[in-house]
Amino acid sequence: MGQSRDGTGDRLSPELAASLRDALGLTVAPQSLAEVFTGPVECQVETLFSPVPTGHRVRAGGRSGHLKCALDGFLLAFLQEEPVELRSTSPLTGTEVRAEITRDGLRLSHGGAVLSLAAVAAGAESCLCVRCPDVHLFPSQEEYGRWAATAADAGTVPLPAATAFELARMVVQQASRDGDRGKEACP
83 MGQSRDGTGD RLSPELAASL RDALGLTVAP QSLAEVFTGP VECQVETLFS
133 PVPTGHRVRA GGRSGHLKCA LDGFLLAFLQ EEPVELRSTS PLTGTEVRAE
183 ITRDGLRLSH GGAVLSLAAV AAGAESCLCV RCPDVHLFPS QEEYGRWAAT
233 AADAGTVPLP AATAFELARM VVQQASRDGD RGKEACP
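Numbering (my numbering), first residue to last: 83 to 269.
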């Protein structure tokens, strides 16, 4: 990946740029995360785990638990050295999608798995905030489409799992550049 036109971060792939454009309701696709995250980005291991059971179970680095959303499993892989085993249950059919995620790549139980990206532009800085209750991993685009038709108020867009992997990598890189400033990011 190269530098964005303003030199502040990695360029987005065309697929990720289009997905973020659609998720945020933008008229033009962003070229870099710097155009989406104009404020500091927070991404810490402790904030990814849910205190209550969810449809997203994880085992990573000797720790097991539930995550707030499926995307958190992808983020976790870039926040630590150990591989992540994610088991995410489709809210439509209950089908379990398994993902083995490392910093180097991703293996899926369902090759056509997609993530439902539910994001909103928040505040004057157009900070990207992911709405975790609507971020799921589906075994296929077709199943995502059936769910999206029943959950129209969720306002999601499908993101192929490989593209979600790219997004997670870039978010963690941006968060590490932001450092302590990330404590001021979206709630």
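The set of hints was computed from the structure by calculation and includes no laboratory data.
Mixed in with the good hints there might be a few duds.
[To be verified] Here are the in silico distance ranges between beta carbons for each label pair:
hint, residue 1, residue 2, range
1, L108, G143, 33 to 43 Å
2, Q162, T232, 17 to 27 Å
3, A236, P96, 32 to 42 Å
4, T177, T109, 17 to 27 Å
[What the hints assert, rightly or not] Capping the alpha-carbon separation at 20 Å, the derived lysine to aspartate or glutamate pairs in EDC-like fashion look like this:
hint, residue 1, residue 2
5, K150, E97
6, K150, E128
7, K150, E178
8, K150, E167
9, K150, D186
Predicted model, so just to flag it, every value in this text is computed and none were measured.
We put the CB at the ideal spot given by N, CA and C, even for glycine.
Quick rundown of the hints versus the structure:
For the hinted restraint 33 to 43 Å between L108 and G143, the CB-CB distance of approximately 36 Å keeps it satisfied. At about 35 Å, the beta-carbon gap between Q162 and T232 misses the expected band of 17 to 27 Å. Take A236 and P96: their Cβ atoms lie about 24 Å apart, and the range 32 to 42 Å is violated. Distance hint check for T177 and T109: the Cβ-Cβ separation is about 35 Å, which falls outside the suggested range of 17 to 27 Å.
Simply put, K150 and E97 have alpha-carbon atoms about 25 Å apart, too far for the 20 Å limit, and the pair is violated. A threshold of 20 Å between alpha carbons decides the hint, and for K150 with E128 the separation of about 11 Å falls inside it, so the pair holds. Restraint check for K150 and E178: satisfied, since their Cα atoms lie roughly 16 Å apart, inside the 20 Å limit. Taking the CA atoms of K150 and E167, the gap is near 15 Å; set against the 20 Å cutoff, the hint holds.
Taking the CA atoms of K150 and D186, the gap is near 23 Å; set against the 20 Å cutoff, the hint is violated.
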